[in-house]
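Engineer: The primary structure of each chain is shown beneath.
There are 2 protein chains.
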Amino acid sequence: METMRWKEDGRLELLDQTGLPHEVVYLTCSSYQDVAGAIRRLAVRGAPAIGAAAAYGLVLAAEAIKEPAREDFLLRLQAAAGELAATRPTAVNLQWALDRLLQKLRSKPNEEVPALRAALLEEAHAVYREDVAGNVKIGNYGSELVPFGARILTHCNAGALATAGYGTALGVIRAAHGAGKQVIVYAGETRPLLQGTRLTAWELVQEGIPVTLITDNMAGYLMAREKVDLVLVGADRIAANGDVANKIGTYSLAVLAGKHGLPFYVAAPVSTVDLKLTSGAEIPIEERAPAEVTHLAGRALAPEGVRVWNPAFDVTPHRLVTAVITDRGVVYPPYRENLRKVAGK
Amino acid sequence: METMRWKEDGRLELLDQTGLPHEVVYLTCSSYQDVAGAIRRLAVRGAPAIGAAAAYGLVLAAEAIKEPAREDFLLRLQAAAGELAATRPTAVNLQWALDRLLQKLRSKPNEEVPALRAALLEEAHAVYREDVAGNVKIGNYGSELVPFGARILTHCNAGALATAGYGTALGVIRAAHGAGKQVIVYAGETRPLLQGTRLTAWELVQEGIPVTLITDNMAGYLMAREKVDLVLVGADRIAANGDVANKIGTYSLAVLAGKHGLPFYVAAPVSTVDLKLTSGAEIPIEERAPAEVTHLAGRALAPEGVRVWNPAFDVTPHRLVTAVITDRGVVYPPYRENLRKVAGK
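Line by line, the protein sequences are chains A and B. Its first residue numbered 1, the first sequence is counted upward by one per residue in this note's numbering. Its first residue numbered 1001, the second sequence is counted upward by one per residue in this note's numbering.
The following block holds chain A by itself, in its conformation from the complex (with noise of 0.2 Å):
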């Protein structure tokens, strides 16, 4: 199944995460304002996943500008990036992929607005294609951090459908799985939006990987009655001093793990090491709106009247994480300096 993918006539079709498991429809995109649209709503969701599709989405912004001058090209395309950036707040791929693009086209200064475009949809390849290259070698580098037998408590959903392809934590499940390791899951089923449930339980099924399914507030009980190896996330954007944000719930992984005696990997490609910020006290919590709390498939849960807190996402200390498994290796505390070896310039 894949989460995108670039049509020749010159659209993105979007495999619409919304309606999975049950539903597999995928959108077309044939401007930048659809490929906004599809990340606000969550059609395309996931780090890697949001940068890759909002590069794309750059090309479509690059089709519709009509200016035959390469400053005034420039100048609205900055424009349209800037939407596409301000989708979604705190995962800095999104961000990462945009500036990347852009940089390439500053690196043609002598180039016309024709070849700039097409500079553009090469980049998003190369973005695309790349991520699936670097969740890859995530994966083998992860592999060897998981015993024999393993049993891995994950959280969301850091799979194929949050990457371009093969996925950052299932990356390292698969590998792991694909030598032989007879790994089994446990999949929390992350309130409120459920993408352990509806992506991450129904990528391991098709795969054939053991998965079992648990409500978030049963990860503590789950690592006392010693039914976990090890807890292993994705992350959407990681601090310099190696503090990672992630979907909410992570923290609470990455406290209980840390009374368990348990690691906590954090599985992710440098592209969401943000060197920019000092500590995760300065990345950016995106809140969304309560009816994701509220409501399920239209339906009130809740009475009138309740106030929600529905933060999206959630900080973990560096002092909780074990170790990040990047595209360019295992990097281990101190992060601050181990870090910067794998993503510094």
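No wet-lab data here; the hints were simulated from the structure. Take every hint as true, because none was put in to throw you off.
BS3-like cross-link-like pairs, simulated, lysine-lysine; straight-line CA separation at most 27 Å:
no. : chain 1 : residue 1 : chain 2 : residue 2
1   : A       : LYS259    : B       : LYS1227
2   : A       : LYS108    : A       : LYS7
3   : A       : LYS259    : B       : LYS1259
With chain A fixed as given, assemble chain B onto it according to the hints.
Structural biologist: Same frame as chain A, now just chain B:
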């Protein structure tokens, strides 16, 4: 809103909590089998509430037993009590209430069946009345522990709906609110059955006590953001050493509270203390149907083929419990000694 009411015509009406907050419907129970069914499918839930409901269930059983001979009557009543007790294994109040009624009959060796029936009804009323009165005491003792303006995180529903009335954990919150302490409440939604969303939020909104709903996996981040002053939950069974069985997710909250230096209080009547069990390891933990996790309101959320682990409760070790607030006062460690003082014969 009454959790249950005994009708003069000899039937029990139970508020069907599965329909809340949207449908307020009372079930009429004419037999002990009706009551057992209602307990099994969680129409009535909460340790003290199922104790009181089972007591009335035994009254209904007694009405239906036509044996005129005392011994035959008692044998058949014992069988009905066994059936009622088997509906749910974790909460001890169920067994406690049934034992209390049977004990009452044993204390009347010379009475014949009609008098025994009358004694049973009287004792069931006493269980009910004493539960409400006990909860008010819990509320008053607990309120002393609540600072002005406290932000209280609670889990599941330990409210009026979980008891004969007033509530245990929510009884403390009601008492603190009534004392003008201006508390605010965070209610964890409590997957899979959303008692926090459907019941606790509903009770508090009705009372005008400020309540903010969160998904269970937000609790850690809520604490990290310093938005909580204390955690307060109910209990389904407390072992002699102070280990607490309560709704799944309680253990995770206790670990998180400990990590953040927050008090973790358990509110429960002494009927919840089971001195026969030396530790929480002996408490039977009910596992419920996978469909509670994979489906919501009849709608499938998860893909076919996924396994599910669905324990309804977990056990929190006594070391994580700051105090147990009972109807006979606040109990602090060492629990083995101090619980025996309040709950011993």
